[in-house]
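Make a model of the complete structure from these sequences and hints.
First to last, the sequence lines map onto chains A and B. Numbering-wise, my numbering comes out as the position in the first sequence, counting from 1, plus 6. Numbering-wise, my numbering comes out as the position in the second sequence, counting from 1, plus 6.
Among the clues, some could well be false.
Chain copies aren't distinguished; within one or between two, either way the pair holds.
[What the hints assert, rightly or not] No more than 20 angstroms apart at the CA atoms, straight line, and that leaves these computed lysine to aspartate or glutamate pairs for EDC-like:
1. K34 x D57
2. K116 x D195
3. K95 x D64
4. K90 x D57
5. K166 x E190
6. K67 x D36
7. K67 x E92
8. K90 x E65
It should be emphasised that the hints constitute simulated quantities derived from the structure, not laboratory data. As the structure is a prediction and not an experimental result, all values here were calculated from the model.
There are 2 protein chains.
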Amino acid sequence: MNCRGQLIVISGPSGAGKGTVCSALLEKNDFWISVSATTRSPRNAEINGIDYFFISKDEFKEKITSKDFLEYAEVYGNYYGTPKSEVLKVLDSGQDVILEIDIQGALNVKMAYPSGLFIFILPPSMEELRNRITNRGSETPESLMTRFTSAHKEISFVSKYDYAVVNDTVDNACNKIQSIVIAERCRVDRMNGDFLKEEISNE
Amino acid sequence: MNCRGQLIVISGPSGAGKGTVCSALLEKNDFWISVSATTRSPRNAEINGIDYFFISKDEFKEKITSKDFLEYAEVYGNYYGTPKSEVLKVLDSGQDVILEIDIQGALNVKMAYPSGLFIFILPPSMEELRNRITNRGSETPESLMTRFTSAHKEISFVSKYDYAVVNDTVDNACNKIQSIVIAERCRVDRMNGDFLKEEISNE
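Here it is as structure tokens:
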């Protein structure tokens, strides 16, 4: 994949607040955010095409067959996937793309595109994580427990990521992510030879 | 070296403006900037103990013998060196330290402390570099030519650094360096296990 935009993968345990952080980033910056497809039901106020593309299991399976996903995964009995063609088109145009995906999905993307920028959103504490999951209010007691146990285990996957950002406040988390994106553009190992040739040819 | 502060090495060719960038960074941030020792004569407005410690060749050689330098180098017939003990003390206290040093010195520090953060300041173009060196006004025609030829060669050393920052405006360069420092604090490979234990022990 020879793209000029950066693929920024934002991930983390359920309840760490990655959705809120990504929405805030989108308001502040010229990022293009990839909208995932899912077979789960919409929660309150979620809009089709904005929060997710809500599709049926049959539709999802057809798209798997036709290799229409950059990655996909089954989580808590539902499918989630990232439509491929549009992401690659936007990256090719030079624009940075944010993927907000769960840990399983992020690790699949990492295997396919290790040059992506993998950012793990951490809750400020496990207590705060429990509060956030509980206050979401859309979960049954069983799914609450599943989510919390899973989140606890998921945090250990932070070691597979490039960066970890504690979501103490959305503003702090956004500022750190913006800094990471700016810093990565300055990394010498991400620059190609053309940059240096250009510097010297200006003589 | 088990330090909690980051050692930020800012370097680049003669005329790229690393001194101006470092002064601006120091005004904006809580960095501690290491003052180098040198045997060269002060230029206009340079103050002993602020810009450099101006010392004699004999004094410098004594300090080399007593291993008082983190690195030292001979450049254009003069010695430049970074006093060691104070830098390590400040890093140990948890504060970030900026070293503004020439390329030869930076590469010596990198061999000794590869975990430092190595930032290369680039001029926006070779033409602008020539203007900056010429406008400095403190050089003879011979030393001008020596500096410019050397700067040209020095730019190829950018590949040995972690980050390259184009100094198009001092504000832009400072913002990028501040972003790099924030991003590096979020790097998973720079975090120790305590961070994760702390996250989980808050449960």
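Here is how each hint holds up against the structure:
1. K34 x D57: Answer is within; shortest intra-copy Cα gap is 18 angstroms, inter-copy 39 angstroms.
2. K116 x D195: Both. Shortest intra-copy (18 angstroms) and inter-copy (16 angstroms) distances satisfy the 20 angstroms Cα cut-off.
3. K95 x D64: neither (26 angstroms within a copy, 64 angstroms between copies)
4. K90 x D57: Result: close within a single copy only, 17 angstroms intra versus 54 angstroms inter.
5. K166 x E190: both (18 angstroms within a copy, 16 angstroms between copies)
6. K67 x D36: Answer is neither; intra-copy 32 angstroms and inter-copy 54 angstroms both fail.
7. K67 x E92: within (19 angstroms within a copy, 63 angstroms between copies)
8. K90 x E65: Only inside one copy: K90 and E65 sit 15 angstroms apart there, 65 angstroms across copies, limit 20 angstroms.
Hint violations for this structure: numbers 3 and 6, all remaining hints satisfied.
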